[in-house]
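> Listed here are the chains, written in short residue letters.
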Amino acid sequence: EAQVTQNPRYLITVTGKKLTVTCSQNMNHEYMSWYRQDPGLGLRQIYYSMNVEVTDKGDVPEGYKVSRKEKRNFPLILESPSPNQTSLYFCASSLEAGGPQETQYFGPGTRLLVL
Amino acid sequence: GQQLNQSPQSMFIQEGEDVSMNCTSSSIFNTWLWYKQDPGEGPVLLIALYKAGELTSNGRLTAQFGITRKDSFLNISASIPSDVGIYFCAGTNGDSNYQLIWGAGTKLIIKP
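As they're listed, the protein sequences go chains A and B.
The numbering of the first sequence is this note's numbering, which starts it at 1 and goes up by one.
The numbering of the second sequence is this note's numbering, which starts it at 116 and goes up by one.
It should be emphasised that the hints constitute simulated quantities derived from the structure, not laboratory data.
Bear in mind that the values here come from a model prediction, so they are computed numbers and not experimental data.
Hints are all accurate, no fakes.
If you want a taste of the chain A side facing chain B, the calculated C-beta under 10 Å gives, among others:
hint, residue
1, 33
2, 37
3, 56
4, 105
5, 107
6, 108
Virtual Cβ for every residue (Gly too), placed ideally from N, Cα, C.
Next comes chain B alone, as it looks inside the complex (with noise of 0.2 Å):
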């Protein structure tokens, strides 16, 4: 099945530094969803697009829905370590409403 393009595949960076992770896809998305998994655990939802151009905000964490509707930004601000985990994007487009489409995940390393 069809997956999505996420990158980049891991970041190595520094505490009090700002992230950026992205998502795209070869077809239009009607959803764009960011999830963050945590070492152990299953991922947990941070935040859901629903609109074209829409932007909205967590706490530190920001995501937008590209004008395009092929793909998905998400920014973190001045990082802390609780940081850390693996970051998913996903969707849905108009093959299904009932399956989520996934990227393959962006790992977020914190240098002591």
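Okay, chain A solo, but in the shape it has when bound (with noise of 0.2 Å):
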């Protein structure tokens, strides 16, 4: 079954407690996602990446890394969480490095809490 998978789909954590959320595609995309969604703010791009080794910053990416280095995976990392990055979050995929525009596929949403 074609799927983003995306773990854990709950995660409460503390302060500065470095963690990693890792999103998997099977669909061979190229182009992979980060959003965060916000009551009131809609879903709002951390960072993406059009293709292997190539990552970019979308609107929100202080206090956020990425990588992907292969194809299927685009974990999401946060070095020293802090409580405003509690947060839905949600990965998202694509067939071709023409971006989002073409139909982009989301996982099923991981919901973090920072104590």
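Quick one: dock chain against chain with the hints and give me the complex.
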């Protein structure tokens, strides 16, 4: 089944404790992206990647890191989480590096609470 | 970063009613997309629009790419309970074709 998977789905952590949210897609997609969703703000892009070893900042990259060592995986790293990073996070992928105007497939989301 | 103006923020409607929502921008857009998010899930693409004036349907859903290229509309006819959720508009403008700009969403609630 074609899908985008994220782990964990739920995470409670404390300020400053490094964490990684994994994202994997099995559709051989070139474009992958991370978003955060906050009430009243919709989705805001954190980072995106057009292909392996190519990543770029989105609208709200501060406090986050990503890597794209393999085509299928695009982990999101919070080196020192802070409470303002409490949010719902979505990973997404689309077929072509032409970008997100191609059909983007979203993962199920990761709800993060930073205490 | 820029965000699209999406309205209304929420809608309470009766089953069977038609629904309209829209999205506007201060700049010209090249692409308009409409997504729906069910509770507890990620957004799913409903309709994609690529040309000014384009009118596209997907079942009971119809969306239009505004002639000015600064707005888009989504209509849902004869709403049913499974239409509840949050509808997002999104698009790309001349600044970058690799980043989607999103509206804040329209929450659709159907009154029992």
